[in-house]
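K.L.:
One-letter residues, chain by chain:
2 protein chains.
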Amino acid sequence: MNVFVIGLGLIGGSLAIDIQQHFTSATLMGFDANEHHLKEALETGLIHQKASLDEVHKAAIIIVAVPVDVQLEIIPQLLDAIDDDALLIDVGSTKEQICKVLKNHPKRRNFLATHPIAGTEFSGPNAALKGLFNEKINIICEVEKTAFKLQEKALAIFSKLGMVIRYMDPKAHDRHIAYVSHLSHISSFMLGKTVLEKEKNERDIFDMAGSGFESTVRLAKSSPAMWTPIFEQNKTNIIETLEEYILNLQNFKALMEESKFPEIFKEMKQANYIKQILNGIK
Amino acid sequence: MNVFVIGLGLIGGSLAIDIQQHFTSATLMGFDANEHHLKEALETGLIHQKASLDEVHKAAIIIVAVPVDVQLEIIPQLLDAIDDDALLIDVGSTKEQICKVLKNHPKRRNFLATHPIAGTEFSGPNAALKGLFNEKINIICEVEKTAFKLQEKALAIFSKLGMVIRYMDPKAHDRHIAYVSHLSHISSFMLGKTVLEKEKNERDIFDMAGSGFESTVRLAKSSPAMWTPIFEQNKTNIIETLEEYILNLQNFKALMEESKFPEIFKEMKQANYIKQILNGIK
Chain A
1 MNVFVIGLGL IGGSLAIDIQ QHFTSATLMG FDANEHHLKE ALETGLIHQK
51 ASLDEVHKAA IIIVAVPVDV QLEIIPQLLD AIDDDALLID VGSTKEQICK
101 VLKNHPKRRN FLATHPIAGT EFSGPNAALK GLFNEKINII CEVEKTAFKL
151 QEKALAIFSK LGMVIRYMDP KAHDRHIAYV SHLSHISSFM LGKTVLEKEK
201 NERDIFDMAG SGFESTVRLA KSSPAMWTPI FEQNKTNIIE TLEEYILNLQ
251 NFKALMEESK FPEIFKEMKQ ANYIKQILNG IK
Chain B
1 MNVFVIGLGL IGGSLAIDIQ QHFTSATLMG FDANEHHLKE ALETGLIHQK
51 ASLDEVHKAA IIIVAVPVDV QLEIIPQLLD AIDDDALLID VGSTKEQICK
101 VLKNHPKRRN FLATHPIAGT EFSGPNAALK GLFNEKINII CEVEKTAFKL
151 QEKALAIFSK LGMVIRYMDP KAHDRHIAYV SHLSHISSFM LGKTVLEKEK
201 NERDIFDMAG SGFESTVRLA KSSPAMWTPI FEQNKTNIIE TLEEYILNLQ
251 NFKALMEESK FPEIFKEMKQ ANYIKQILNG IK
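Chains A and B are the protein sequences, given in the same order. Position 90 of the first sequence, counted from 1, bears residue number 90 in this note's numbering, the numbering being contiguous throughout. Position 46 of the second sequence, counted from 1, bears residue number 46 in this note's numbering, the numbering being contiguous throughout.
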């Protein structure tokens with residue numbers, strides 16, 4: 001079985017590692033627009049061989065793990081070129097636009113829209129991790145539009161990798177993910193910005209920032225190249241979440257200004273309920 | 001040597017564990033306003049014996065690890081009562097007000113104002129951790145106002161616990177800590193609130209929230225009883241940081257609304273510089 005991974009970053013690379021491990025007879029073909037990353041992926045054994053996009057017909061499984069704007073461009077063309085029995089899986093963080101673009105594609109049944117909820121703030125082939133997807137959620141959208149046999153094939157792979165499957169429609173996916181992922185990234189980027197602007201004297205940050213700060217700004221290390229197109233595609237939902245977040249912050253600030261500390265206590269007490277939610281994630 | 005720890009939560013409890021370990025001849029006396037916590041601290045061996053506040057004269061070292069509003073009330077009285085050669089150390093997250101309150105206290109030289117930058121989002125004696133302070137920064141304020149011999153005594157303890165010492169004036173401490181700690185907590189509490197408000201159907205949060213969300217809302221689990229008085233004491237600085245944070249978020253939202261994605265890319269690229277800062281913290 002030839003598996004062709006297009007985009008050998010954190011997600012593509014981690015999928016390549018795990019597929020190699022669980023499907024020992026699979027040949028991992030790889031492509032990355034960044035020649036240096038492609039070389040790195042070959043040298044570190046993420047893939048068995050470099051390939052070019054016009055070899056895509058040789059693969060039984062094609063995984064597209066590129067920024068979501070690039071996806072929209074290349075997936076329709078790739079679908080045109082793949083074998084009639086092949087399966088193309090995308091793993092992008094937004095699902096509405098890709099599903100829309102492919103709606104009437106003659107090979108729509110060869111495509112499966114997924115979003116594995118896994119990752120770190122790092123990027124590139126060196127960021128790839130073995131076992132990254134174990135016990136992680138993988139959201140599948142519009143499963144009914146994929147050929148039954150190819151659904152089965154995908155689920156067999158996801159199951160071997162330890163993924164937990166959830167089905168969702170693309171609109172709901174994008175609306176919800178704006179809250180639990182995209183907003184977190186923006187809050188973190190802007191927190192990083194706020195502190196960097198203030199603390200011109202870096203030494204003071206080094207000295208006073210503890211694990212709490214580190215935890216809240218971790219995502220500010222994320223790749224702008226990956227996140228800009230995600231924000232673009234999920235613009236409407238993200239603006240809504242940002243509005244609500246800003247309102248809550250303004251409200252908190254007003255309570256501070258009016259010295260309404262019993263109210264502030266209550267606000268925090270209510271937010272504490274996130275404990276139960278987080279315990280559920282574990 | 002009798003060491004009296006007042007407030008047996010995460011910080012007080014962790015200090016008790018480490019002092020026991022490094023000073024085997026020390027007798028750990030403990031008090032907590034919460035009778036249940038006091039019992040727990042004794043049973044789990046954080047302290048050797050329960051004590052009441054009017055036994056404070058028996059101790060050579062007194063560590064006060066209570067919410068910062070309670071500190072302001074009890075530290076002046078405790079100082080009145082301690083032995084002339086004893087050292088009282090506070091470990092609160094705000095330093096300006098306690099230093100101000102004690103400015104003209106006849107036993108000011110028996111007091112050392114510190115802020116160990118260590119902790120987790122948990123609280124109470126069960127949250128106490130061995131080695132919590134190892135390689136962590138401990139900020140000392142107005143060191144020159146503490147008797148030389150007592151400074152030495154404190155530094156000997158901090159050094160055994162692996163702490164790295166930084167000296168700062170209380171005003172600068174409170175201004176800086178607003179950025180790298182207090183703001184992180186508010187951003188996290190309000191992020192938790194925003195998502196909780198939206199996602200009435202909890203199941204969806206469980207399913208879609210990954211490690212990124214978890215990292216940014218971790219601090220929303222923190223104790224409101226501990227944090228409300230910190231926010232109260234550091235009100236002016238916190239309002240300033242909140243204003244800047246909200247402005248940055250509003251600016252980001254405006255860029256989204258105007259579809260200025262190259263600008264958004266640039267914003268994130270600049271915030272990426274936090275990577276170097278965080279590498280410095282490690």
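Hint data in this document are derived by calculation from the structure and do not stem from the laboratory. Heads up, a few of these hints could be off.
Claimed, not checked - Chain A side only, calculated, beta carbon under 10 angstroms to chain B, not exhaustive:
1) M1
2) F23
3) E55
4) K58
5) A60
6) N134
7) I139
8) R166
9) Y179
10) M190
11) V217
12) P224
13) L242
14) E244
15) Y273
16) I274
The beta-carbon is built from N, C-alpha and C at its ideal position, and this holds for glycine as well.
K.L.:
Quick check on A/E244 please, does its C-beta sit within 10 angstroms of some C-beta on chain B?
P.N.:
5 angstroms, holds
K.L.:
Close enough to count: is the Cβ of A/M190 nearer than 10 angstroms to one in chain B?
P.N.:
4 angstroms, holds
K.L.:
Does A/I274 hold up as a contact with chain B if the rule is Cβ-Cβ below 10 angstroms?
P.N.:
This interface hint holds because 4 angstroms falls under the 10 angstroms limit.
K.L.:
Let me know if the C-beta of A/Y179 comes in closer than 10 angstroms to any C-beta of chain B, holds or violated.
P.N.:
5 angstroms, holds
K.L.:
Using 10 angstroms as the Cβ threshold, decide whether A/V217 counts as touching chain B.
P.N.:
5 angstroms, holds
K.L.:
Please verify that hint: A/P224, Cβ, nearest Cβ of chain B, below 10 angstroms or not.
P.N.:
4 angstroms, holds
K.L.:
Hint validation: A/I139 versus chain B, beta carbon distance must be below 10 angstroms. Holds or violated?
P.N.:
7 angstroms, holds
K.L.:
Closer than 10 angstroms between Cβ atoms is the bar; does A/N134 clear it against chain B? Give me holds or violated.
P.N.:
13 angstroms, violated
K.L.:
With chain B as the partner, please determine if A/A60 meets the hint condition of a C-beta pair closer than 10 angstroms.
P.N.:
29 angstroms, violated
K.L.:
Can A/M1 be said to touch chain B, with a Cβ gap under 10 angstroms?
P.N.:
29 angstroms, violated
K.L.:
Hint A/Y273 vs chain B: min CB-CB distance below 10 angstroms?
P.N.:
Where the cut-off is 10 angstroms and the nearest Cβ of chain B is about 6 angstroms from A/Y273, the hint holds.
K.L.:
Using the nearest Cβ pair, does A/E55 come within less than 10 angstroms of chain B?
P.N.:
32 angstroms, violated
Comparing the model with each numbered hint stated earlier shows that hints 1, 2, 3, 4, 5, 6 do not hold.
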